[in-house]
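Protein sequence lines, in the order shown, are assigned to chains A and B.
Each step along the first sequence adds one to the number in the numbering used here, with nothing skipped, and position 250 is 250.
Each step along the second sequence adds one to the number in the numbering used here, with nothing skipped, and position 190 is 190.
For the record, the hints were derived by calculation from the structure and aren't laboratory data.
Being a predicted model, the structure only gives us computed values, none of them experimental.
Wrong hints could be hidden among the right ones.
What the hints assert, rightly or not - Which chain A residues stay away from chain B? Per the calculated CB distances, all over 10 Å, these:
#, residue
1, 86
2, 88
3, 145
4, 173
5, 255
Said to hold, decoys possible - Some, not all, of what chain B presents toward chain A, calculated at C-beta under 7 Å:
#, residue
6, 75
7, 83
8, 87
9, 95
Every residue gets a Cβ at the ideal spot worked out from N, C-alpha and C, and that includes glycine.
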Amino acid sequence: MAGTDPIHQFNIVELFPIGTIGGSEGEGGIELAFTNAGLFMVLSVLLISSYLILSTSGRGLVPNRWQLVSEMLYEFVANMVRSSAGSEGMRFFPLVFSLFMFVLMGNMLGMFPYFFTVTAHIIVTGALAVFVIGLVIVYGVIRNGFGFLKLFVPSGVPVAILPLVVLIEIVSFVSRPVSLSVRLFANMLAGHITLKVFAGFVVMMSSAGLLGWLGAILPLGMTVALTALEFLVAALQAYVFAILTSMYLNDAIHPGH
Amino acid sequence: MANEAIAVDVAQADAPDGAAANAHGAVTDPLAADAAELHTSTEAHGGEEHGGAFPPFDPATFGSQLLWLAITFAALYFLMSRVALPRIGEILEVRRDRIEGDLAEADRLRQKTDQAMADYEAALNQARNKAHGIAEATRGEIRHETESSRAAVEADLAERVAAAEQSIQATKTEALKNVDEIAAQTAQAVVAAIAGKVSIADARAAVAEVVKG
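Next up, chain A with everything else stripped away, as it sits in the complex:
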């Protein structure tokens, strides 16, 4: 039944072990291994880097189509960072670009059958989100000192309701890493499960004779439509992750509302 099990695609398979840190082998220690997740992370980094570096190796004044794609990705993310975090935010441009490309490539590789979706694991998206928010806090405090706390105190709010507003601002700030990570994770997870469930229907129904063959057309159509939707979601979620990162970094640079 592994063929139609919608959860099977998220299994982490150990390819070769590396070792255990913290405590002895087995109990209490954290096992480290090269898994299929690691393989696909390495693969996506290799693909991104080799594409961007090889396509621009000609440094053409008039770009060919490969170079044009690299330039478009660059300008797309650069404009996104500049419009949401200002020209000062451009120091984070390599970071936002790396995040965008990593998430985009992770999502897109997940669209290949039998491939592993790196971004459908909460620990990966959570780590990226915590890293982003951590960077926002650290950079915000280094740059603004206590002024960073102005982020929680919007200007022009009457004193009477200020405590409430501050509370809301703090809650919204704290929920950012959660929403940032869960949004991406849940989108990828749910999308892939739905896709697999509908594809599983096709297999199950087609094994039930002629009537099943005819009945399988409907879930097949759904699978095709969902595949298109998932490509959209894959690109959109990478964009959302990157633009939210830029906006949070903008808060670190300009804490006043």
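Starting from the known structure of chain A, fit chain B onto it as the hints suggest.
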């Protein structure tokens, strides 16, 4: 979950043995192979049943994922920030500079053209003014010349007219004087015919008296 943990334990406990066996020349190799087989089959079994945690929430895999995420993302960031992005940025910069340079050059050439046009217009105007001046001067000269020659001709004509008038006047006076003489002679003749001789002097006096009267 329990199955998996045992399998992993067995495999890990066995790993040094396997290494040792390899080092010693495959004496205990079948044992290692067995353990490996057990490991994979158990894991596959566990995977199929997913009797453990839902894979995305299985903490046992978090360490490995975080390790590889850190390694790969750091590598990606390094490659992007050091190699790929500066290169693309440079390409775009060079292109922008080139376009701006070309535009500036075009603007410079256009200004040069405008200047040349203005110079040409100025020269043309100057030449036109000069030609106008020459024409004006020539016309004035000609007019002056014509005026003077016409004045000379008119003076000459006036002189001639005056001379002619004078001669007419003289002739007229002469003629008038002759008229008196003729009248006197006619009167003498008429009187002689009618009343006898009269001296010419008396006739003249009588004519003069009539002319006066």
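**Request:** May I ask you to test the interface hint for residue 83 of chain B with respect to chain A, counting a Cβ-Cβ separation under 7 Å as satisfied?
**Result:** 6 Å, holds
**Prompt:** Measuring from the C-beta of residue 87 of chain B to each C-beta in chain A, is the shortest one below 7 Å?
**Reply:** Holds: closest Cβ of chain A sits about 5 Å from residue 87 of chain B, inside 7 Å.
**Request:** With chain A as the partner, please determine if residue 75 of chain B meets the hint condition of a C-beta pair closer than 7 Å.
**Result:** This hint holds: residue 75 of chain B lies near chain A, its Cβ roughly 6 Å from the closest one there, short of 7 Å.
**Asked** For the hint on residue 95 of chain B, does the least C-beta distance to chain A fall short of 7 Å?
**Response** Since chain A brings a Cβ to about 6 Å from residue 95 of chain B, closer than 7 Å, the hint holds.
**Request:** Find the nearest Cβ of chain B to the Cβ of residue 145 of chain A and say whether that gap is larger than 10 Å.
**Result:** 27 Å, holds
**Item:** No chain B beta carbon within 10 Å of residue 255 of chain A's
**Value:** The claim holds: residue 255 of chain A sits with its nearest Cβ about 25 Å from chain B, beyond 10 Å.
**Request:** Would you assess whether residue 86 of chain A, listed as outside the interface, keeps its beta-carbon beyond 10 Å of every beta-carbon in chain B?
**Result:** 18 Å, holds
**chain B versus residue 173 of chain A - minimum CB to CB distance exceeding 10 Å, so not interface** = Consistent with the label, residue 173 of chain A stays out of reach of chain B, its closest Cβ about 24 Å off (over 10 Å).
**Message:** So residue 88 of chain A supposedly isn't at the interface. Is its beta-carbon more than 10 Å from every beta-carbon in chain B?
**Reply:** Fine: 17 Å to the nearest Cβ keeps residue 88 of chain A off the interface.
Violated hints are absent here; each numbered hint is respected by the structure.
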